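Student: What follows is each chain in one-letter form.
Number of protein chains: 2
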Amino acid sequence: MTTAQLADSAVSFGPAVALSCRECGARIPLGPHYVCVECFGPLEIAYDFHQPGRPAVTRELIESGPASIWRYAPLLPVPADVAAKPNLNPGWTRLVHARNLGRELGLRKLHIKDDTGNPTHSFKDRVVAIALEAARTFGFTTLSCSSTGNLAGAVCAAAARAGLRACVFIPAGLEQAKIVMAAVYGGELIAIDGTYDEVNRFCSELIGDEAGEGWGFVNVNLRPYYAEGSKTLAYEIAEQLGWKLPEQIVIPIASGSQLTKIDKGFKELIALGLVEDRPYKVFGAQANGCSPVSAAFKAGHDVVQPVRPDTIAKSLAIGNPADGPYVLDIARRTGGAVEDVTDAEVVDAIRLLARTEGVFAETAGGVTVGVLRKLVETGKLDPDAETVVINSGDGLKTLDAVADAGVTATIKPSLAAFHAARG
Amino acid sequence: MTTAQLADSAVSFGPAVALSCRECGARIPLGPHYVCVECFGPLEIAYDFHQPGRPAVTRELIESGPASIWRYAPLLPVPADVAAKPNLNPGWTRLVHARNLGRELGLRKLHIKDDTGNPTHSFKDRVVAIALEAARTFGFTTLSCSSTGNLAGAVCAAAARAGLRACVFIPAGLEQAKIVMAAVYGGELIAIDGTYDEVNRFCSELIGDEAGEGWGFVNVNLRPYYAEGSKTLAYEIAEQLGWKLPEQIVIPIASGSQLTKIDKGFKELIALGLVEDRPYKVFGAQANGCSPVSAAFKAGHDVVQPVRPDTIAKSLAIGNPADGPYVLDIARRTGGAVEDVTDAEVVDAIRLLARTEGVFAETAGGVTVGVLRKLVETGKLDPDAETVVINSGDGLKTLDAVADAGVTATIKPSLAAFHAARG
Numbered sequence: 001m002t003t004a005q006l007a008d009s010a011v012s013f014g015p016a017v018a019l020s021c022r023e024c025g026a027r028i029p030l031g032p033h034y035v036c037v038e039c040f041g042p043l044e045i046a047y048d049f050h051q052p053g054r055p056a057v058t059r060e061l062i063e064s065g066p067a068s069i070w071r072y073a074p075l076l077p078v079p080a081d082v083a084a085k086p087n088l089n090p091g092w093t094r095l096v097h098a099r100n101l102g103r104e105l106g107l108r109k110l111h112i113k114d115d116t117g118n119p120t121h122s123f124k125d126r127v128v129a130i131a132l133e134a135a136r137t138f139g140f141t142t143l144s145c146s147s148t149g150n151l152a153g154a155v156c157a158a159a160a161r162a163g164l165r166a167c168v169f170i171p172a173g174l175e176q177a178k179i180v181m182a183a184v185y186g187g188e189l190i191a192i193d194g195t196y197d198e199v200n201r202f203c204s205e206l207i208g209d210e211a212g213e214g215w216g217f218v219n220v221n222l223r224p225y226y227a228e229g230s231k232t233l234a235y236e237i238a239e240q241l242g243w244k245l246p247e248q249i250v251i252p253i254a255s256g257s258q259l260t261k262i263d264k265g266f267k268e269l270i271a272l273g274l275v276e277d278r279p280y281k282v283f284g285a286q287a288n289g290c291s292p293v294s295a296a297f298k299a300g301h302d303v304v305q306p307v308r309p310d311t312i313a314k315s316l317a318i319g320n321p322a323d324g325p326y327v328l329d330i331a332r333r334t335g336g337a338v339e340d341v342t343d344a345e346v347v348d349a350i351r352l353l354a355r356t357e358g359v360f361a362e363t364a365g366g367v368t369v370g371v372l373r374k375l376v377e378t379g380k381l382d383p384d385a386e387t388v389v390i391n392s393g394d395g396l397k398t399l400d401a402v403a404d405a406g407v408t409a410t411i412k413p414s415l416a417a418f419h420a421a422r423g
Numbered sequence: 001m002t003t004a005q006l007a008d009s010a011v012s013f014g015p016a017v018a019l020s021c022r023e024c025g026a027r028i029p030l031g032p033h034y035v036c037v038e039c040f041g042p043l044e045i046a047y048d049f050h051q052p053g054r055p056a057v058t059r060e061l062i063e064s065g066p067a068s069i070w071r072y073a074p075l076l077p078v079p080a081d082v083a084a085k086p087n088l089n090p091g092w093t094r095l096v097h098a099r100n101l102g103r104e105l106g107l108r109k110l111h112i113k114d115d116t117g118n119p120t121h122s123f124k125d126r127v128v129a130i131a132l133e134a135a136r137t138f139g140f141t142t143l144s145c146s147s148t149g150n151l152a153g154a155v156c157a158a159a160a161r162a163g164l165r166a167c168v169f170i171p172a173g174l175e176q177a178k179i180v181m182a183a184v185y186g187g188e189l190i191a192i193d194g195t196y197d198e199v200n201r202f203c204s205e206l207i208g209d210e211a212g213e214g215w216g217f218v219n220v221n222l223r224p225y226y227a228e229g230s231k232t233l234a235y236e237i238a239e240q241l242g243w244k245l246p247e248q249i250v251i252p253i254a255s256g257s258q259l260t261k262i263d264k265g266f267k268e269l270i271a272l273g274l275v276e277d278r279p280y281k282v283f284g285a286q287a288n289g290c291s292p293v294s295a296a297f298k299a300g301h302d303v304v305q306p307v308r309p310d311t312i313a314k315s316l317a318i319g320n321p322a323d324g325p326y327v328l329d330i331a332r333r334t335g336g337a338v339e340d341v342t343d344a345e346v347v348d349a350i351r352l353l354a355r356t357e358g359v360f361a362e363t364a365g366g367v368t369v370g371v372l373r374k375l376v377e378t379g380k381l382d383p384d385a386e387t388v389v390i391n392s393g394d395g396l397k398t399l400d401a402v403a404d405a406g407v408t409a410t411i412k413p414s415l416a417a418f419h420a421a422r423g
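Chains A and B supply the protein sequences, listed in that same order. The opening position of the first sequence corresponds to residue 1 in my numbering, with each subsequent residue numbered one higher. The opening position of the second sequence corresponds to residue 1 in my numbering, with each subsequent residue numbered one higher.
Just chain A, with the same shape it has in the complex (with noise of 0.2 Å):
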């Protein structure tokens, strides 16, 4: 980019003002980057919230926005304008007051976030719609990630209503369901043998190459901008809650991102002074084929030892979590945990939030409900404080894991047919 652009670009993104080193604290300007050059540290969006003319950031502002991710565009690194570009409008989804739930697991005050609601039907059209209005910026022409399957389709979502190219990359695999969804809008799909990881690993190798010149790979190059958009996570559950944190939240953990940010956006908050300061808890949740953060939190350990994935919970199926450390941190520090659950467990949890709340989650919602309930019956969730719950995706996006849900009885069309049927 030209000095030029850059200034442009600073105009752009709204209350950012550049990019940070999450490890040694260095400052580049904003840009396409993702890597500390001093350190190699990951770079992160550091922001100014009471620069001179932008005007200050008020419950009031906020509640007079759309109902989508926009309403804190101050918060966040775009412009002003971003809701009038085209893009998916994420976002502003259903906080659920989970009465019945609570009820069956002893949670006097439990909630759901649930994300399904979003327009692909996971919390990814949050993080790719800051990631489109980067793209769009950099004057990049083709929006790309590695994907566990959701991203997939957020993407290719996003960059056919925004007119981008989209060339995705999923681990060979995946649920039919969220293969189709990302193929449906037209875009390049291609399939890697490997893991995860070893899709990511090959989009990096890519983004130096001469194929990649003009992509934007949301999670990798856009990553700084790409992450912040979990934060409206936390912002919509604090303001849902009547503009309150909850004392408790459990939250999936794939990368790591996604807590992480929540957290981030919680601070932020407090620090502006839209919500009470006031001490939260935060946990995360793996599924037992793919937990290397829980047996690092378990193990009393600061680094994260990367595992090859085994579990049908493949949203969440990243063996080598970028922000595991960041998550332990977290976990510690607000005195939360990290805890994982069984492929069982996970299915059984499905069950069980769609049977009290008629919610149905993927397996990462099973994963995360899961750990909720493991939590609960291990004494590490006090039972009277405001919990919350994220469900992050759609139940549509991976029918096998309940596939033995089926019909009571075919029957003909008669009373005595249905008599019979019934006993």
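Just so you know, nobody snuck in bad clues.
Below 30 Å or equal to it, Euclidean Cα-Cα: the simulated DSSO-like pairs (lysine-lysine) are:
#, chain 1, residue 1, chain 2, residue 2
1, B, K244, B, K374
2, B, K85, A, K244
3, B, K109, A, K85
Think of the hints as simulated: they come from the structure by calculation, not from any bench. Source: prediction; values computed, not measured.
Let chain A serve as the given structure and place chain B on it in line with the hints.
Tutor: Below, chain B alone, put in the same frame as chain A:
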């Protein structure tokens, strides 16, 4: 019901004051009835929006309400506190400004009302929410329906959340996703060897049987309440357009109820002074393999000749549509039309919508967008008029229609393999 219960009911139904026969105009008190005892015509809800003691329904009142159909509670047969009772809080879904699709079709101002954002990803959550509230008021303990798939899921999810039993009836041979998405909520799901019309007849029989006592069939004995839920599509479209009616609207036809209630909603908004009184044209969409209303429209008939459905658009596969004659009336009165498309055109339209707007519709949405295209091509739609098309359900529920959408290539994780695969 006792007289006391009926009096309570009157309080519970907000602005609704009676059931009124659509044919002869006879009125009876609000109750779980659906057929006129005078003439056997269908009953619908009659309102008095100007009852003493009720607040005037203004734009401001509505805009200050929740981001769900309950913002329109003052226009629905529900109590004022309906949002506080356990339900799925559907509605307030996206109105997508479809610039890309409009450009391809030659329509200058096109919007998609995308109802896939509802909790079970179809517009059926709207109608079920109203029926659920009526079921509670009438003391029903089992929620039931005859369904082509989407309704079964919506009923089972709503019943789960409300703590009612569910027992729903579907024709055998539905899509796997629709079966699982009903069964997972834990109710009884009974498949009937026969068409939807046979399922529907069976349910009418069951209401008269001892086994059906205490059962609320949302689209049979609760139908007058249920049907009103579709009015919320009209309200939302008008509000999201900035409190004005579209000039043209294209709506899928199954029973025809959605179309007739959108028309009713528009007329109410005009009568209440919430929008300017300007003409609008209503267009209906059917699949060629189940097009009795389209056939009657084209032949100039007032009655609809039942057919045996044969189409991939199973959620529209009602061969004997109850509201068919009313649909014909509305299409003719407003200067609209009813049109149908082949299954191949349905698949093309699903892909067109996905590729241009990032919206993945089920086959019913394919029918509606396919008809939209046909209406433009045949000159029946004004390309300069503000046009809305309804997307009533989700592509994830009818994956088979686009099952050939798959990965572009499967490769080893290397740049060499990538370049080789792309040629």
